[in-house]
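Taken in sequence, the protein lines are chains F and X.
By my numbering, the letter at position 73 of the first sequence is numbered 73, and the numbering carries on one by one without gaps.
By my numbering, the letter at position 237 of the second sequence is numbered 237, and the numbering carries on one by one without gaps.
It should be emphasised that the hints constitute simulated quantities derived from the structure, not laboratory data.
Among the clues, some could well be false.
[To be verified] Straight-line alpha carbon distances no greater than 25 Å define the calculated DSS-like cross-link-like pairs of lysine-lysine that follow: (1) 70(F) with 174(X); (2) 70(F) with 162(X); (3) 30(X) with 35(F).
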Amino acid sequence: MGLLDYFRSTRQPTASIAKERLQILVAHERSERNKPDYLPMLQKELLEVIRKYVNVDQDAISVTMEQDDKREILELNIILPDDSQRKKPKRA
Amino acid sequence: MARIIVVTSGKGGVGKTTTSAALAMGLALKGHRTAVIDFDVGLRNLDLIMGCERRVVYDFVNVINGEATLNQALIKDKRCDKLFILPASQTRDKESLTVEGVGKVLEDLSKDFEYIVCDSPAGIEKGATLAMYYADDAIVVTNPEVSSVRDSDRMLGILSSKSRRAELGDEPIKEYLLLTRYCPQRVKLGEMLSVEDVQDILSLHLLGVIPESKAVLTASNAGIPVILDDKSDAGQAFSDVVRRYLGEHVTHRFIELEKKGLFNRLFGG
Ligand SMILES: Nc1ncnc2c1ncn2[C@@H]1O[C@H](COP(=O)(O)OP(=O)(O)OP(=O)(O)O)[C@@H](O)[C@H]1O
Ligand SMILES: [Mg+2]
């Protein structure tokens, strides 16, 4: 039985499926387009700085920007490696 | 100064030209000098829907290139002397439109029109972005269907970032939702997104709902903007839209299933 037959036979309202899919998609696309265009550069430079001190992977860092009515939140996420792989930070 | 209204959608075939023709005619019938411009260069159609296709001599691109004056290119509507049509070129491509050229034509039109309605082509390329660039108001024509709603949201993003108002940091373009080809029956069966569903997703001010209607094809067959068919549901829905746009408070119609007599149920549209 195909997916369409399934919808027909159970008469599940497809409009509610459409709405749910759209809500997820539109929220995602909006957050993508509100990203400032300096984010990739920022991410790259931050990674370089962090790598001076800690041996992190290329993809260990993520930068996201979120926005609500009142404020913008810049979120920086760094996954640190286990103790064994860490470089010793230079101390003055 | 004229108010510039863009009728846009992203997705093709949702009812922009039908809406542009009806809205322009409606505004003109209310006594406002109105010009309606076809931005669909290469695929002009507004002239057909307006019923003036045999009177096209010069077009929008001719005016931009200085090959004709605005007065030579504007076609005066035979039914309403406040309404003028500026047809698109059939032979050129979108590249003939430039920001400066379009700006100059709109500026000249602004001197003696109250409203300028810009019928946008589908897509997000030059014709569509230029149609909205100078807009004061945007009517986002949307069908209750996933791809149309998604494309409308993309257009909202472009309206708020790539328009002249956005670039100058002026007050943003006023955005209105026009839901077209609506079938209350199918909404009731859960087969079609409802007005509320679409509003929940797009969060726009609802200008009106145009029902799916046989009158639209009949009107386009004859080259008569459907708003002139005041017996039809779509014609009445467009009249409401014009009144709402002009600031009147008009209750929304054609959203609920109307109770019909047996005769209508059997033979009606
Ligand atoms: N409310 C309606 N009821 C029934 N048919 C409609 C309705 N609105 C539009 N149509 C039909 O849909 C088709 C497309 O309409 P229209 O040309 O206005 O769309 P458009 O958005 O301008 O298209 P394009 O993107 O190609 O410019 C036409 O055949 C028209 O008759
Ligand atoms: Mg069109």
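Hints versus structure:
no.: 1; hint: 70(F) with 174(X); verdict: holds, 21 Å
no.: 2; hint: 70(F) with 162(X); verdict: holds, 23 Å
no.: 3; hint: 30(X) with 35(F); verdict: violated, 44 Å
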